[in-house]
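Each of the two chains sits in its own frame; use the hints to bring them together as a complex.
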Amino acid sequence: MIYSIEVRDLHFRYLNKEEETLKGINLKVKKGEILAIVGLSGNGKSTLCHCISGILHNSYKGDLRGDILLDGRSLKDLKRVDIIKKIGIVFQDPDTQLFSPTVEDEVAFGPENLCLETDVIIQRIDDALKVVGMENYRLSNPNHLSGGQKQLVALASVLSLEPEIFIFDEAMAQVDKAGRTSIKNKIEALKKQGKTIIMIEHDMTNLDITDRVMVLKNGKLQEFKGSL
Amino acid sequence: MQIRENKIDPRTKLTAVIIISSLAVFIRDITLLLGILLITFTITYALGNNPLMLVKKLKKLIWVFIAIIVIQSVFSSGTPIIRVANVTIFTVEGITKGLQLGLRMCIIVISASIVSTSSPREIVQGLIQWKIPYEIAFMVSIAIRFLPLFIEEIKDTVTAIQLRGIELDRIPIRKRIKIYSYVLMPVVASTLMKSKQLSVAMESKGFGIYPTRASFKKLKMVKADYLIIAVFLLGAFAIIKVYLY
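Same order as they appear, the protein sequences are chains A and B.
Position one of the first sequence corresponds to residue 2 (our numbering), numbered consecutively onward.
Position one of the second sequence corresponds to residue 318 (our numbering), numbered consecutively onward.
The following block holds chain B by itself, in its conformation from the complex (with noise of 0.2 Å):
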């Protein structure tokens, strides 16, 4: 059986995150990364996902750019802006790094939601497909299966700790701080378990008896995924020459 020959391949979709996320880390000009985050916004639209959703969630790290920015200004020479008693705040320099750091990170998060439009099914057979140990694609694979239900976990003690009577949202930010460190042990000891019971259960199946393991479901690359990776390759190295020179 193959998966969706149809459409894009996860391997596909990973290159392409890989090559857009490299782009983002080597390149520093701020026009370049502009250009790199609006072509990743339309394909990750284009592949279905809402990345305007994405830079909603993007917009709570908006003070830790900020700290980044006044940190660059501070301690680090360059045209001053704004000074304040003889300390710079704001430096043409420190805003630029600012904007550089955000703007990678905008293109990393947007660009890894591209991978999201596989299942993670597919993603565990692509990853395995290149060669990577199944054991080790698994592990991503539960990873993405868990995260919910760690943070499900976590809201239940808190749910749990406010049915005491804390109301977390009246009391000051330190004692706040030190309710959730009450929250900490619980939720690990409780993922331990899970994880524990996990193992278990996988291992009662026969996870790993073998070196290898047979999949019912075969991916297969498809012409249109060799061009799109010939594309992707193609606008990288264009990218990189008109950076260089």
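Bound conformation, chain A alone (with noise of 0.2 Å):
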């Protein structure tokens, strides 16, 4: 069976660290599930988000062993355009992932990156706020937002890439109970539509959404039993 994500003996070790972040992980995500992966702050939760979307390669050092392989085909083979094109990832501050002067530019961004033609642009920008709901916001500018706000347009930003993998690093982190329920309404319709979804959590209200939930405790995943 080919998994839309598949990590194998996973180890990561932080230049300048003597210990491994990440110790020999091993995880299987179907197509269209939702994985949550829980665990206290510092043990590797984000590393290993980072590890699986490419980004600990080109943006941290470090030492990193075993193969990740997306709808089987493993990270080491794949260009880094078909990784972004593969892998979404909303982080948890809406403030450093947010950057353009008005929503639509910020969504345009990915598209943009990839030499898309113009009028594929608008209409994934089109897309994209529809399917966060935040049309009307058009050509606001995304500091003037709520943080709720915020986090829908970072999301949009990531669906104009059009992945069929979403990651969300404690996306839910710096938001309201009404900013909460409405990014968990779009992860749930992300599911119907195919999409596999890894979130990383300290929420456990959050995991009501979750198909399964997973435990990272020493740079170990295991099964999560009810506790950190």
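In case anyone wonders, no lab produced these hints; they're calculated from the structure.
Be aware that a few hints might be false.
[What the hints assert, rightly or not] Derived BS3-like pairs: lysine-lysine, alpha-carbon spacing no greater than 30 Å straight-line:
(1) Lys511/B with Lys178/A
(2) Lys221/A with Lys32/A
(3) Lys376/B with Lys80/A
(4) Lys513/B with Lys185/A
(5) Lys513/B with Lys80/A
(6) Lys513/B with Lys86/A
(7) Lys511/B with Lys86/A
(8) Lys535/B with Lys131/A
(9) Lys185/A with Lys218/A
(10) Lys86/A with Lys448/B
(11) Lys511/B with Lys62/A
(12) Lys511/B with Lys185/A
(13) Lys187/A with Lys534/B
(14) Lys221/A with Lys86/A
(15) Lys77/A with Lys62/A
(16) Lys513/B with Lys178/A
(17) Lys218/A with Lys18/A
These numbers come from a predicted model, not from an experiment.
As structure tokens, then:
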């Protein structure tokens, strides 16, 4: 069986650190599944996300061993552009992932980087804003939006890349209850479209939409049995 | 999609700013500098900016100008106006140079505000269409975007210090400077962390993946833009001619 995400014996140690952050992670995520990964701060949840999304190789220095497969293809064999088209990530802090003067510019950022045709970019902006329900804020400055709305814009900016896999790296941590509900609804809608989703979570109340929960403890991934 | 065809192209504004600033640096005649300042004032006002607000901000620098006048007067020869115990405090040349500097700064700051009447996205697009590498154009845009966050960060750190019982307004200046030095470390650390997060977010969306980058918005210069640039060039030429002859 080909999994949407498959991680085989993944080890990672940051440069200048003696201990490994990830100590032999094995993980299989099916297409259309919502997997939540919980764990205490500093246990390597975000590091695992960055490994899966291929960011770690470019942005952080360290020793990476093991293999990550996306739809059966090793990350090592994929070009950066293929990884970006396949996997999208929504981060925790909206202020450091929104950098454009208007919402539409923010959503267009990814497709512009992929050098898509103008018509395609405009279509993708329309579609992504419609999915997150932010069409009326198209020309607004992202700085002037609420935390929840900012995260919806961040999600739209990932949606415009049309990836198959979404990672939400504590994306609801800085959002109020209404914002959380809105984002959770969008995640459920993505699941219905067959998208694979990994949610990194601190807040147990956000786990109600997940199919499976795992805990990352001392660099190892285990089945979640109710406590961290 | 084209950006605001009915308005002035940001490249026209950038050209105007370059011409005005170059004139301010090149010309030393106070009357001409005053004339350029007046023109800059009018253009800025016509574009919807309030130059008086900028002048108010520049008022804070008045002591810098006075210091320059005194330094120029003390260390260079000239016609003395005020002398205290055989030391010349003010000379005609010192005052002239101080005024020149003040006027130059006013012109450059006010003219730069002309560009701010365009959105950062338009400015970036203008720079890209001027064949400036998009990485550099984005660097400018992000610097503009993150400046308020940086200021907010400093304010938050100062507030955190004050919440620990230090009343910055009531302590001597030497101690105050020392306390401000404590602000620097957390602010720099936080800024570095945020810039790292920002670069990760940009890379995750494919920034820098290809040598070029598409844009769903395109700027198009219209006749009015070319006319404005021509007027600026002719005006600059006329001012230089008056100045030289």
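Holds or violated: Lys511/B and Lys62/A, Cα atoms, limit 30 Å.
18 Å, holds
For the pair supplied as a hint, Lys511/B and Lys185/A, is the alpha-carbon distance within the 30 Å limit?
Given pair Lys511/B, Lys185/A holds - Cα atoms ~26 Å apart, limit 30 Å.
Hint consistency between Lys187/A and Lys534/B [alpha-carbon to alpha-carbon, up to 30 Å]
Distance ~28 Å between Lys187/A and Lys534/B Cα, so the pair holds.
Is the Cα-Cα distance between Lys513/B and Lys86/A 30 Å or less?
Between Lys513/B and Lys86/A the Cα gap is close to 22 Å, so the pair holds against 30 Å.
Taken at face value, is the distance from the CA of Lys178/A to the CA of Lys513/B at most 30 Å?
Satisfied, since the Cα-Cα distance of roughly 29 Å is no more than 30 Å.
Quick one, are Lys218/A and Lys18/A close enough, alpha carbons at most 30 Å?
18 Å, holds
Under the criterion that the straight-line Cα-Cα distance not exceed 30 Å, is the pair Lys221/A, Lys32/A satisfied?
23 Å, holds
Distance restraint between Lys513/B and Lys185/A, which requires alpha-carbon spacing of 30 Å or less
27 Å, holds
Agreement of Lys185/A and Lys218/A with the hint, judged by alpha carbon distance not exceeding 30 Å:
Satisfied, since the Cα-Cα distance of roughly 25 Å is no more than 30 Å.
Do the alpha carbons of Lys77/A and Lys62/A lie within 30 Å of each other, as the hint requires?
Distance of about 16 Å is within 30 Å: holds.
30 Å limit on alpha-carbon distance, applied to hinted pair Lys535/B and Lys131/A
Holds - the C-alpha atoms of Lys131/A and Lys535/B are around 24 Å apart, at most 30 Å.
Lys86/A and Lys448/B: Cα distance at most 30 Å?
Status holds; Cα separation ~27 Å.
When the structure is compared with the earlier hints, a violation turns up for hint 3 alone.
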